[in-house]
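Using the hints provided, position chains S, D, P, L, E, C and H relative to the given structure of chain F.
Spelled out from the first residue to the last, the chains are:
There are 8 protein chains.
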Amino acid sequence: MWGGGMMFNEIALQDDAVHIVKELGVSYRPKGDGYYTMDSVEATSTIISQCVKAGTAIFNLVRVTDVLFREEEGRPTISGLVINWSPVEKLGLHVDPLGMQARFVVDGTGHPAEICRIVTRKLDARLNTKTGDVVGEMPLWADKGEEFTVVNTGEVFPGLYVAGMAANNAFGGPRMGPIFGGMLLSGKKIAEMLSGKLGV
Amino acid sequence: MWGGGMMFNEIALQDDAVHIVKELGVSYRPKGDGYYTMDSVEATSTIISQCVKAGTAIFNLVRVTDVLFREEEGRPTISGLVINWSPVEKLGLHVDPLGMQARFVVDGTGHPAEICRIVTRKLDARLNTKTGDVVGEMPLWADKGEEFTVVNTGEVFPGLYVAGMAANNAFGGPRMGPIFGGMLLSGKKIAEMLSGKLGV
Amino acid sequence: MWGGGMMFNEIALQDDAVHIVKELGVSYRPKGDGYYTMDSVEATSTIISQCVKAGTAIFNLVRVTDVLFREEEGRPTISGLVINWSPVEKLGLHVDPLGMQARFVVDGTGHPAEICRIVTRKLDARLNTKTGDVVGEMPLWADKGEEFTVVNTGEVFPGLYVAGMAANNAFGGPRMGPIFGGMLLSGKKIAEMLSGKLGV
Amino acid sequence: MWGGGMMFNEIALQDDAVHIVKELGVSYRPKGDGYYTMDSVEATSTIISQCVKAGTAIFNLVRVTDVLFREEEGRPTISGLVINWSPVEKLGLHVDPLGMQARFVVDGTGHPAEICRIVTRKLDARLNTKTGDVVGEMPLWADKGEEFTVVNTGEVFPGLYVAGMAANNAFGGPRMGPIFGGMLLSGKKIAEMLSGKLGV
Amino acid sequence: MWGGGMMFNEIALQDDAVHIVKELGVSYRPKGDGYYTMDSVEATSTIISQCVKAGTAIFNLVRVTDVLFREEEGRPTISGLVINWSPVEKLGLHVDPLGMQARFVVDGTGHPAEICRIVTRKLDARLNTKTGDVVGEMPLWADKGEEFTVVNTGEVFPGLYVAGMAANNAFGGPRMGPIFGGMLLSGKKIAEMLSGKLGV
Amino acid sequence: MWGGGMMFNEIALQDDAVHIVKELGVSYRPKGDGYYTMDSVEATSTIISQCVKAGTAIFNLVRVTDVLFREEEGRPTISGLVINWSPVEKLGLHVDPLGMQARFVVDGTGHPAEICRIVTRKLDARLNTKTGDVVGEMPLWADKGEEFTVVNTGEVFPGLYVAGMAANNAFGGPRMGPIFGGMLLSGKKIAEMLSGKLGV
Amino acid sequence: MWGGGMMFNEIALQDDAVHIVKELGVSYRPKGDGYYTMDSVEATSTIISQCVKAGTAIFNLVRVTDVLFREEEGRPTISGLVINWSPVEKLGLHVDPLGMQARFVVDGTGHPAEICRIVTRKLDARLNTKTGDVVGEMPLWADKGEEFTVVNTGEVFPGLYVAGMAANNAFGGPRMGPIFGGMLLSGKKIAEMLSGKLGV
Amino acid sequence: MWGGGMMFNEIALQDDAVHIVKELGVSYRPKGDGYYTMDSVEATSTIISQCVKAGTAIFNLVRVTDVLFREEEGRPTISGLVINWSPVEKLGLHVDPLGMQARFVVDGTGHPAEICRIVTRKLDARLNTKTGDVVGEMPLWADKGEEFTVVNTGEVFPGLYVAGMAANNAFGGPRMGPIFGGMLLSGKKIAEMLSGKLGV
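Line by line, the protein sequences are chains F, S, D, P, L, E, C and H.
In this text, residue positions in the first sequence follow my numbering: the first is 17, and each later residue adds one.
In this text, residue positions in the second sequence follow my numbering: the first is 17, and each later residue adds one.
In this text, residue positions in the third sequence follow my numbering: the first is 17, and each later residue adds one.
In this text, residue positions in the fourth sequence follow my numbering: the first is 17, and each later residue adds one.
In this text, residue positions in the fifth sequence follow my numbering: the first is 17, and each later residue adds one.
In this text, residue positions in the sixth sequence follow my numbering: the first is 17, and each later residue adds one.
In this text, residue positions in the seventh sequence follow my numbering: the first is 17, and each later residue adds one.
In this text, residue positions in the eighth sequence follow my numbering: the first is 17, and each later residue adds one.
If you're looking for bench data, these hints aren't it; they were derived computationally from the structure.
Think of the CB as a built atom: it goes at the ideal place given N, C-alpha and C, for glycine as much as any other residue.
Keep in mind that the hints are not guaranteed to be accurate.
[Unchecked claim] Across the chosen pairs, the derived CB separations fall in these ranges:
#1 S:A70 - E:G90: 53 to 61 Å
#2 L:G90 - E:K47: 29 to 37 Å
#3 E:I74 - S:G170: 41 to 49 Å
#4 P:F24 - C:E88: 57 to 65 Å
If we strip away everything but chain F, and leave its shape as in the complex, we get (with noise of 0.2 Å):
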């Protein structure tokens, strides 16, 4: 979100997800026809600013390279993440990760959506998708785009939830632009979702 549409340092909202924005402390600039812009520097910085103070643990040049797995109830459940730096990963050096636990993983990794890609590749087992793999996105049409991260984002695969572009990705659904209304209803949904089986 930082480098804005094309370096332009601007990014766009819909009207339906100014609340979040407006709730976090992000400035913001109607445009007319329901959309608005923002700082792309004022809003990611903002946004993680408060996504700290709120709790959320960030591990900064950390990359995920794995994840764990267990068995239940005769079928396989994702169980936590392996990590590394980042840096070790970047040059390929032969340094062993580390494991940690979670009580669910959620894929926000964008058009990638490399921890569903994982799972599909190592465990040979089927996401909840049409295909039972990575549908993979498909090209740009902003309104079906926003909408569709919505209505996508949830379970995946035992443990494996997705938010975000990932969702498009994983349920094959079109690209947007720099329009990040969306993606804001999107982290709010996974949130809730979460935070309520988590009973906090």
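For chains S, D, P, L, E, C and H alone, kept in the frame of chain F given last:
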């Protein structure tokens, strides 16, 4: 075209395309057997100059990364391009592209036929070719290739057209050497076809 | 600041700068002996967020490549910056930069003091330092370095100011470790100095 | 010139150089205060096209790697260029270059003034500049830079001339932004100076 | 093993492999629950040192690029290795490798199981695995992975054996984290198996 | 051949190819069991020198990028090569190659059998091999590989021949080590076969 | 030391250092004239193993980027090291290093004498060498180099010592080939010198 | 020499060196004015072939990284070379080189005169040149350069000789184009000079 054949800054032309370069004001020298040569720098710069003067907007340092689509009459139709700065793409930066709408999209990317491949890879749809996919160019056969380019210039998918070597790649014809008659005739054909549809 | 010390996402702070992070709303935890730690991600994102909300325009993906100057009273004075897209600079593309005028320029480029070096290399002029040149930072001596930064924050050339580690490099003081009190105090000092001159 | 200022494909021009682009057939739009803008793609392609039509031979994909010299009246005189394919140079291949003789050599390499630097580094001789060496360009001062370019266009060493930004670098003047009037006037001046000497 | 887990130079070990490191003279510290930690540098250097003293020839800076084979009783049998200098391979130089004969070949290349893959790709033959091919490792499940390694250590093709993570990859078991008990037990098992066959 | 086996500048030869190196004037030393060694630098330079003296034109710094073809009796026939400067190809520059006609094309590209692969990938046609495709080389078995090379030297597609390791790759035989008897005998066989067809 | 001389995994040793490798348990074979050879892998791994067992902490994947200093009696004294993860340094990431205090710092970086160079470049102070700077190593003269290393092992600046090839570089002595007697004797000398000062 | 002039595989020769290529058996074609051309591939391969047959040992894939020296009569004398595998050097691996003794060392490294530069940089000693240092080659002046090469072939430091372009660089003469007469005459001169001293 700038580099001519193997960096020798000459390019060749046949009889039947001479009227195009004549109209554009590019010099040419007869070499016998219906062939002519042009200075590759003069030819390329003059064609660009005349195109821009005639109203073409050339987005320098910009790269097409995806397409826009809509469903029309239940079928997907290409309705524009997704673009980004080429330096951003080259460095693999995570900066969002922008979409631009278009009445028609012409794939003139040459040998790779990049836009046709985006459509078949991301839309799960068939092109108007014998395999439904990009057939792939054949090895070099100059005479056949020249003809093939012109004949196959046209619509390959609703909203998407091919011209020049992209036509040979999409429909599976032989490539040519640094002879540019077919290219020019293909360009003229697609220009006339689309300006007719646009009513200009 | 994002990466903390050696990628452990913690950064340190002394007593006398606590009031600044308190005002900005960054959490901190006492570690004894007048030292505190902050989460590096929370601290960095919150400072950026508050800066932009307070009116700072941050040009993301832009790099300073040169300065503007004028002669005033027979002496060269820095009057702005020459900027370009950082991906363009990284790839070494031959694309012209643009100039932007500024009442004051602050070199906050840290260890390299890049803008000071541009001035001495291209203007054949002396800085207000003991050698007239960028003296160069000394090895690490945390206490001395912290003090030095604040004391040496100020004008180093007509129109050009230094703050943070660039001050230590320009005037020849020791570097610090990942302790950010001096940085914050230096930033506050230069901000007050220049807003006074601007009459805001 | 292709990339305009910061990839925005526009370039600027002043009043006094308008007659040159008018003569070449490049479109321009007034922006007030004696400034005009041109499309960078149209301007660049048209200048190249007109140059080649007027008889200029442009060696595409070729790079100057050294100069030829002779002693005339006991003084070294530049008498040509040593050239090689640019891909060969870029890959650092050990392939011998070729020499080509020239009545005059014009260093139009812009900011680096590469040919002047070859002469001072390899001939142990003084240029006609205040230091005898390439003085080095100063930071950006658009008005002064524009004037400086035209005034300093001329002979910098027996047989070697400078034009455009190479003149500012060789004689030590300020750089300009993406304003091209001085460039065009400098090019016209050197062309008239040398065609006079050649008696054409 | 040198880098420990995520560059923290510690590695873990379970109860049942303690006797091996004890015999080799590596120090270990109990961490409860049947787990121990070792210094990764001490453990790795001591294992190498003891191996070489015990008669292992380690070809440093050498890389396996292919295998030797013979037909025995109508079936292909691996009979040695094709090796080259690793710097030669890394630079892609066209320098011929050399072959060396071996009674047995053990694939101990870890995650990639490189030698098994050479055999399936180049010999058009089936391994002793459920698919006949390299099944591929599963995501991380430490307990299961540790057991799987030891159980699956053994012959995978006539003349070719697997040990350590290569066994998990070849036969399709889960990976482990930086816990090295299974590795050591697998190594001990294969060593005893082959020294039995060699009659030593 | 220049680098010998693993950069030790020696290469091996068997009894039955000794007459070829003797005729070319390359020194050789017996090593017993019907094997000889040659200095790799002497052998390579002398073979090149004698080839050129005998009339071979070697296009240095040129790379084959495609083939020419024609239809003869309803079947595609290879009729020449498409070539470009290798530095142009290495840098991925968009410079057009040139075509050159040839009565016969011999694929002597060794392990990759590049020209055979171009034919199968771009012509949708079958080679004279058991799969119709490039079968792929097998691992190393020196004796079998040496024989296989000579036996399989010949026509693999109308107009296209294979010799040396390209024959093993195309027809699916084992590779050899740095023993060059088979190579030389294969070269002699193809030379005699084609000079017979050319009537020289 | 791992790679031996030119990747031949052997290293040499003289008479007078044999007692050190004997004590460490490294095998050696006499080669006459007072020289011995060792397997480079056995020698290196055993030395590391014995060092760690004897109490040395080796920080793997860590790189020294600067030093700590204090003023003592009006003179700068080296009082520790500034370290960072080597992958962070290799990628040029902007991540802050950490400082660690030390009673003594020994520059054992070999040919480059990196720590000595940091001191002279950043402290504007003189080393205890004939020029006050790092004198620079001379070409190879094995006998003289071996002696020089041992004689010049010692303090080169308050708090900073040199050992091994760094001593030859700092004080300007000849380099040696892959003969490691001088290295071992230098290491023993510095260890005894500093353990004396530490009173251990 | 392989690449000829600008990849056109032809190289030139003057009258007075024709007897050398005649003796070696290289073909040449008169071009008038006392100049001849040779095929660059034939010339290079034949010279190498004849050199090796005459007893020259060419160490392929080996690079000189330093020299050996001794003091004789109180003056340093070059007494051999320090060599390493070139792939090791190219990758910057920390692998020790080996030394080899030599009665004489000839710097034939061409334009860079690498060995002379090693001597002046590492021995703090003067060459037999007008500056005591490597003077540096001048730009191209073919006739003067050809003469200069032959005249300046000889001893440049005790034990170290220069031949070919290294002589022009060491003593400060002009470079030549792809004309190889001077090279051959320089090689013949140094060979006769040193075989005289060796008494062979």
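Honestly, do A70 of chain S and G90 of chain E meet the 53 to 61 Å range at C-beta?
The hint (53 to 61 Å, Cβ to Cβ) is violated, given that A70 of chain S and G90 of chain E are roughly 45 Å apart.
Quick check on a hinted range of 29 to 37 Å for G90 of chain L and K47 of chain E, using CB atoms only.
Taking Cβ atoms as reference, G90 of chain L and K47 of chain E lie about 33 Å apart, which means the hint holds.
Confirm or reject the claim that F24 of chain P and E88 of chain C have a C-beta distance inside 57 to 65 Å.
holds (58 Å)
I want to verify a distance hint. Is the separation of the beta carbons of I74 of chain E and G170 of chain S within 41 to 49 Å?
The hint (41 to 49 Å, Cβ to Cβ) holds, given that I74 of chain E and G170 of chain S are roughly 45 Å apart.
This entry does not satisfy hint 1, going by the numbered hints stated previously; all others are met.
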